[in-house]
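Turn these sequences into a full structure, and let the hints guide you.
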Amino acid sequence: MASAESFLKQKMVTTSRTYIFGGDREWLESDWESINDTVRGGMSTSFLNPLNSTFSALFSGYLDVKTLGGAGFASQRTISTEERDFTQFDGIELSLGNSDGKRYSLILKDDMLPKRPNGLERSSVNWEYEFLLPASGGSEGDTVVIRWNDFEPTYRGKPLEDFERGLDVGKIQRISFMMRRYVFVSILSQVTKNSRPDSLYASFFGFQAGEYELEIKSVAVFKEESTEEQDEKELPKHTDPSMATRPPGKGQ
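Just so we're aligned, residue 1266 is where the sequence shown starts under our numbering, counting upward by one.
Source of the hints: derived by calculation from the structure; they are not laboratory data. All clues stand as given, with none of them false.
Listed next, with one range per pair, are the computed distances between beta-carbon atoms:
(1) 1314 with 1408: 18 to 24 Å
(2) 1426 with 1290: 34 to 40 Å
(3) 1320 with 1425: 33 to 39 Å
(4) 1353 with 1289: 14 to 20 Å
Everything numeric in this text was worked out from a predicted model, so none of it was measured. Just so you know, even glycine gets a beta-carbon here, dropped at the ideal spot from N, CA and C.
Written out as structure tokens, the structure is:
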């Protein structure tokens, strides 16, 4: 005779991480280089300095929004363009510390073109994700979880609508952090092109300008796995609960 007992099962999700920067991998200033609007005549600056006391790095500098008429930007990007294969992972996880409350962009490149004859890099598609954390005075910070399909394609800062392909996570060649004057990608997902007022950008003009500072504790790729766990016993359906506590042969 089959047992009348059954068990409830519930799914448990476990997350594993592989650190790219921070965590169990040391932050090195020599891994990064600055790319700012100075290449177009602007005056913005950017730095990425390891903080040995907190095992994190500080992305900081000054955003100039006047010289180029509001088109300022400041960024730090990885120097190496060696392809990284992240196909076995679900996305990127940022562990952040102190924040100034401004908007930042994490940018990935998966298709770098050959350099020009003069040695300069050719423009290609960026995959961007914008994030905003409340200004903080402490060191606890927050975690930003970004799945691969959260990254949006842009070209020279402008969104590419109906782009024909998705992010190729099998050959990530560059990672960048950027500060810019306007908020472009995330705003477009909330406001249609025809109804987008100019004032939407103007509100960020003064807010983003000037000094900026973001503490980055770690950058990691993550993988989520679901497992089933056996939980408490469940009484058979249509059984009188009171019968479960009666000794055999009584109450019948």
